[in-house]
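Chemist: Those sequence lines, one after another, are chains A and B.
Counting in UniProt numbering, the first sequence runs from 1 upward without gaps.
Counting in UniProt numbering, the second sequence runs from 1 upward without gaps.
Treat the hints as calculated values from the structure; they're not laboratory data.
Computed from a predicted structure; not experimentally measured.
There may be inaccurate statements among the hints.
FRET-style restraints, in silico, Cβ to Cβ [what the hints assert, rightly or not]: (1) A:Glu130 <-> B:Leu339: 56 to 62 Å; (2) A:Pro157 <-> B:Glu419: 24 to 30 Å; (3) B:Asp341 <-> A:Gln151: 50 to 56 Å; (4) B:Arg292 <-> A:Glu211: 42 to 48 Å; (5) A:Arg168 <-> B:Glu308: 55 to 61 Å; (6) A:Arg122 <-> B:Arg395: 41 to 47 Å.
To be clear about the criterion: a stretch of chain B counts as covered by chain A if any three or more of its residues have a C-beta under 8 Å from a C-beta of chain A, and this derived list gives those stretches [unchecked claim]: (7) 108-117; (8) 453-461.
Where a beta carbon is used, it is the ideal one built from N, C-alpha and C, also for glycine.
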Amino acid sequence: MMSFMKGRVLVVDDDTALAEMLGIVLRGEGFEPSFVADGDKALAAFRETKPDLVLLDLMLPGRDGIEVCRLIRAESGVPIVMLTAKSDTVDVVVGLESGADDYIVKPFKPKELVARIRARLRRSEEPAPEQLAIGDLVIDVAGHSVKRDGQSIALTPLEFDLLVALARKPWQVFTREVLLEQVWGYRHAADTRLVNVHVQRLRSKVEKDPERPEIVVTVRGVGYKAGPS
Amino acid sequence: MSGDSAASAPGRSGSRGGRPVGRGTAGSRWGRFLEGGLLQGGVQGSPVLRLFMRWVRRPLLPVMRLWRRNIQLKVVVTTLLMSLGVVLLLGFVVIGQVRNGLLDAKVKASQSQATGGFSAAKQTADEASAAGTGDDGTATDGRSEQNVIQWMSDLVEQLSSGGQGAFEVVTLPAGGDSGGGRGPRASNYVDPTASVPENLRERIDSSTAAAQSYTRIIYNADKESQPALVIGKQVNDPNGDPYQLYYLFPLTQEEKSLSLVKGTLATAGLFVVVLLGAIAWLVVRQVVTPVRMAAGIAERLSAGRLQERMKVTGEDDIARLGEAFNKMAQNLQLKIQQLEDLSRMQRRFVSDVSHELRTPLTTVRMAADVIHEAREDFDPVTARSAELLADQLDRFESLLADLLEISRFDAGAAALEAEPIDLREVVRRVVSGAEPLAERKGTTIRLVGDQQPVVAEADARRVERVLRNLVVNAVEHGEGRDVVVKLAAAGGAVAVAVRDYGVGLKPGEATRVFSRFWRADPARARTTGGTGLGLSIALEDARLHGGWLQAWGEPGGGSQFRLTLPRTADEPLRGSPIPLEPKDSRRNRGLDDAGLPRGEKSATVPAQQTADQASAMASRDPIAGRLNGAAPTADPTALPGNGARVVPRPASGPRRQDDAPAGERARGEDAGPPEGPSRQGEAFRGR
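The following block holds chain A by itself, in its conformation from the complex (with noise of 0.2 Å):
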């Protein structure tokens, strides 16, 4: 059960303290974390242990977080979890929205910790080949893709789920919060900050206008659904 859940963690945080027990609490957990502690050499850590999650302090002594974060998810889908000390929103989105996954507000529990990596680390093990079609989308589930006429189009896995999520029910409205439970793996809803700034970055990626969605359509008051194929 637990086999699958192993991954290489890398931890982008200049205290030493809490890499420290980051380390434990992920080694106790079964992952294998590997630190840096300074923003600049972030990205050389990153390509050096190719890991599967990235946990990353966003106030770092030279780069800060949110351009280390740019700079992995350019060359990288990688889930990045961002550990932070503000929960305003002006700080969350700016992190979110320079590329991270999802976000845990310090001080958190091991145990809120741990969950969030595995949700993130999640991925069902043998996907069923399937395709789906969300507007004038081709999903191929199985292989990772999303194709636009033959050409195609580069999603992060989180932004992937999110936008399998949408098309497998494209009758269903979704709300934040089931959503947040279906991509994002909660239990309890969070913050439904997440679902709009990633809806806002698969827009941005999917939509021919991102000012007039398409494929992703908000249902005022409500949430969010598949636009018609």
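Given chain A, work out where chain B should sit, using these hints.
Modeler: Leaving out everything else, chain B in the frame of chain A:
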């Protein structure tokens, strides 16, 4: 036209007086007709006239407005009118004096001339009489008649020739007597009877002294009449019969001089008036321009453009006004700047503290959790210590989070992320979240009024936090009895009320529950370990929405907390769909009348204690009526817990129910010390 408007004035006022009475009924209209027609005359046309006046007045309205709003126009027009009055008065006085001066000289000269003339006429008559008697002692009448006629014509010729046009001579018969050939005679084609005023003739008839008057000389020939002074006297002809001799002195020269003076004065007066107006305009402009500038700049300042300043030139009072104004603006700007800096620093500090505290706290937290997990391997003392450590860290954490949240509100850094949400969803989440606690307490949480969507523009995160707080509090203090969560929407507002039947609130506590770190009963052990900031934060959250969070409670009868939010974020709140005091309160069930001790006292804290609160309260009634009208739709599903507790009431809506205990409420106020907010709450509840 002028006659029209003059007639219209009383007509209008008359009809206006009658209007309120005679509006609807034909009878009183007749009365108005009669009254108006008889008393004022011509009022039958008053509707037409009124229309006409309205038609006249309409284009005047902009002028009236300009008059009210433009001080420059006022001053200039006033100056013009007043100087015109002064100039007119001055002109009349001057003209009067000039005329008197001119006439006095003329009258004197004329009188002496006339006196000379009269004596000359007398002398001629005496001479002629002497010659006549010398010729023929008993002259025949016919011949002497002939003589007198001739003599008189000669006399007129003779007398008038001496004046060389400076005067005319007229003779008229004395009294009605025109016999004896003494018909009217005059020199130079003067019309003798028309030129001499009738009353002067009568005066001369009745006395022998000379008399004078002003008249106009009328000519028989084609010549313009002219003003003149006429002096007359009764003189005897050679036969000893009286006749009237008049000297007429033309005043043409004097009139010319006078009109010249008049013309000069009028011209000068006109110039003076116009110049005074211009001067007034200039002077007022000097004062008004800076005032207008100050007004404009004050407006811009209040619009937030703090760098605006007045131009200051010179050292006069206007310059002082400008300087003082600028100084004020400067100080304002400085203070606002300082406050902004302070607020920014505060926010920065909060943010920094947040980060600096949270990182080590995270490490401690994780370490404590690891220790806590492994506590079974420890000896009992260490194991218990690990438990305490973990528990208190939880408390520390939530306290820190609440403190940061409060300081964010204090710094004004809290931002509302409002979007349309269905409050039912939020309430269901909150209720399901509180279920575990409720189960432990043996409490059932019931939801009322969730059949229809209750949508409002709100920040779901904050609303959820508020409601979670209220529900958890209700469960915690509900002593195992039911907790009822009620939803309603009406008018521009939505509301959620959380009712419990626990210990309730003592008099005055309803206002204090929102104070920071306030605890209902310090001696009471807290089972769920709140921070004491929950309701303060909830209140701030409600305020941020422009909503209210209010509390009601009675000792032993439970309490109700009500969150009211405007349906759209910018709309001011005017009422709540749910009455603050639940219908199953002791008072509403009429238990006071049954003689139960009246310890209860309810009070509320309106979440918005802004300056316009009072006015909002005052103007609530209209919407209150509307809300009450809408309330019955929500009411069947409304509170209360056990049907047995509800005393059925006539179906007249909550208004009647709230009105009934009005007198008791007054007594209730006496029971406890009245507090400002509580009174507001009372007023509010009085709907």
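Chemist: Give a verdict on every hint.
Modeler: Structure-based check of each hint:
1. Against the hinted window of 56 to 62 Å, the Cβ-Cβ separation of Glu130 (chain A) and Leu339 (chain B) comes to about 60 Å, which satisfies the hint.
2. For the pair Pro157 (chain A) and Glu419 (chain B), the beta carbons lie near 28 Å from each other, so the given range of 24 to 30 Å is met.
3. Between Asp341 (chain B) and Gln151 (chain A), the C-beta spacing of about 53 Å keeps the proposed range 50 to 56 Å intact.
4. Checked against the given bound of 42 to 48 Å, the beta carbons of Arg292 (chain B) and Glu211 (chain A), roughly 46 Å apart, stay inside it.
5. Look at Arg168 (chain A) against Glu308 (chain B): about 60 Å separates their beta carbons, and that is inside 55 to 61 Å.
6. Evaluation of the 41 to 47 Å hint for Arg122 (chain A) and Arg395 (chain B) yields a failure: the beta carbon distance comes to about 33 Å.
7. With 0 residues carrying a beta carbon less than 8 Å from a beta carbon of chain A, the region 108-117 of chain B misses the three-residue requirement, and the given coverage is violated.
8. For a cut-off of 8 Å, the count of residues in the region 453-461 of chain B with a CB near a CB of chain A stands at 3, and the three-residue condition holds.
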